[in-house]
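First to last, the protein sequences are chains A and B. For the first sequence, this note's numbering begins at 134 and goes up steadily by one. For the second sequence, this note's numbering begins at 526 and goes up steadily by one.
Hints were generated in silico from the structure; no laboratory data involved. Hints are supplied without guarantee of correctness; some may be wrong.
[Claimed, not checked] Straight-line alpha carbon distances no greater than 30 Å define the calculated DSS-like cross-link-like pairs of lysine-lysine that follow: (1) B:Lys794 x B:Lys736; (2) B:Lys794 x A:Lys419; (3) A:Lys400 x B:Lys738; (4) A:Lys259 x A:Lys271; (5) A:Lys358 x A:Lys400; (6) A:Lys446 x B:Lys738; (7) B:Lys543 x A:Lys378.
[To be verified] Selected chain B positions facing chain A (in silico; Cβ < 7 Å): (8) Pro579; (9) Leu580; (10) Glu583; (11) Asp619; (12) Phe784.
We treat Cβ as the ideally placed atom computed from N, Cα and C, and that holds for glycine.
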Amino acid sequence: MLLDLIPKRKPDVGALIKKRDIPGLIGALSCRDPIVQSAAVHALGDIGPAAVGPLILALKGKNRLLRLGAIGALAKIKDSGAVSALADMMKDPGSEVRWQAVIALGEMGSREAIAPLLLGLEDPDKYVRFGSALSLEKNGYQPSGETGWAWHYAAMQDWDRLRAMGVSALAPLFSLLRDTDSDVRVRAVRVLGEIGNREAGPALIRSLGDADRQVRWEAVLASQKCGVPPMYLPRGLYQRPRIQKNPLVAGFLNFLLPGLGYGYLGKWWGIMIFQIELQITLWLWKAEGENNSYLLLYPLYILLAVHAWYLAKNMPEEPA
Amino acid sequence: MTRLHGFVSGVPDTVHLKEAGDIPSLIRHLNHADPSVRWHAADALGTCGGTAVPLLLEALHSRLVPVRLGALEALGAIRDLRAVSPVIDIINHDTLLEVQWAAVLALGEIGSPDAIPLLVPLLRDTNRYLRYGAAIALGRLGWQPQNEADTVYLLIARQDWESVRHLGAAATPYLSIIFRDNDPATREGIVTVLGQMGDLQAQALCQTALKDKSPYVRWKAVLASMNCGLASYDLPLMVAARERTGPDPAAAALLNFFFLGIGYNYIGKWWGFPVFMTYMSILVIAQLAMGPFLPYLIAYPITAILGIHTYYLAERMSDAGM
């Protein structure tokens, strides 16, 4: 990280503990050294309820490390008054923060923590879901009914039990198809295929347009087990993201900055052409003057632009 | 298909259009901005029967991919034999995989045995979607493999690796042909089956797999090679001969020799550009002071050393993913 190059004085956590300096310790939570950060978390946890108010305020901080540390300290204090603030942290955009929040909610031993933790089972991040399931167990929660257990097993990635549950597992499996980890999506698609229920059809057709090629292929195989008409599959696959270089951009770049169009297409020698062209232009300017130089160079630029356009146009598409 | 231009998106009622027999409008809706309207339009066209076929055949030549896909879906549902030859043309001439795949599946739906001679060779296509589509289509046409080769290709196309494994050594030559697939998961599957079969005839394919550009295929090949009788001391030699996917060490060195810093940038060092800009600034200032050539004479021995340095850095990087 570039920021790591900037030297920063590490806070003296020992001195801060001696002084029971709560603001100082909270400041130390944003230290990039995890040892210092962890020491501050434990120190604030040992201070107990007196630190809860300032820690809840720190949860609103912009620094992600500060929020992570503050949640950690609240988890150690186990003050049920922090449940509502911790539940709010489950909307944090950072998945580590949400994960830390569900762990902290598990430490609270409060019935109030159960509702936000149940929401955590539907999080798109596997760490958050796993943490939620463990925290719910820690708070003595038992899922009620088949669907409740299905969400629990989905969070625990217990694929065998999900498969055995059949139709009850469909909703959590559909939710897993939004997971950021493609491996989880592959497993979810496979289990949907093994369950073989027609209701999974629309979700599987959507998965045909997944960004990951293995998910797409598994969706093809699974959709056949779920009674999706084969004729629907190509259209589903057509939704896949296409990563292709724009021929017009390549041509435009090569016309304005000859060589950089090739660079845009991933040709390592593009930058060399750019430099060589720059040198030639400078020498030509000196020898022939600006106007004459451009008269000579423009046809060359057009040629290079057309070449880059042609190369981009004929570049093979990423395999499906 | 000029009639498709100037289409205005809205929320069309495909049921109403179908009842009115407005086939051209339904075809236009195959390219609607809302994907669900496209599905409905294709479904509606599929129930229009033979009257829709001439316009749908015309739509197969649309430059819009969703229109071609929808037309193929509808033709598959109508099952009119007039569509067989144009759909075969699509398989042979369309460049987009999804359209080719839809055409293969449509042939199976149309149900003409005339399509079988075209579909059987597709079982050995290098693309798994087309192979799988051909297997489904041939199944619909009631085709049964006539010989060992077709049996193996059909099983491979269905990705039925377990049945392929049961065939034993007889499957090896056909697995070698399908190994050209550009999908690493398929190549991994093939090598795994070969390892399970332990066929000594598969050594050549194992050697190819050991040089594969995918690290997963290479790893499976290492495991398979042991069972196929390759000497363990040969494995590192094969793996070392693999196609390198990392930065090209020679290119990195050349770039750093002529344009110090760009070579570092090429191998992923963010500070390569600042180094390059500093180098160029110093070079220009030196040229102003000493003339155009002397600074190069001083610079090149230094950039040569740094070029060698970049070469070794890049070489180490391309080894990282063994």
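The hints, checked one at a time:
1. B:Lys794 x B:Lys736: Since the Cα atoms of Lys794 (chain B) and Lys736 (chain B) sit roughly 28 Å apart, the hinted pair holds (cutoff 30 Å).
2. B:Lys794 x A:Lys419: This hinted pair is violated, its Cα atoms lying about 35 Å apart.
3. A:Lys400 x B:Lys738: holds, 19 Å
4. A:Lys259 x A:Lys271: Holds: Lys259 (chain A) and Lys271 (chain A) sit about 18 Å apart, inside 30 Å.
5. A:Lys358 x A:Lys400: violated, 44 Å
6. A:Lys446 x B:Lys738: Given that 30 Å is the threshold and the Cα spacing comes to 25 Å, the pair holds.
7. B:Lys543 x A:Lys378: violated, 40 Å
8. Pro579: violated, 20 Å
9. Leu580: violated, 19 Å
10. Glu583: violated, 19 Å
11. Asp619: violated, 11 Å
12. Phe784: holds, 5 Å
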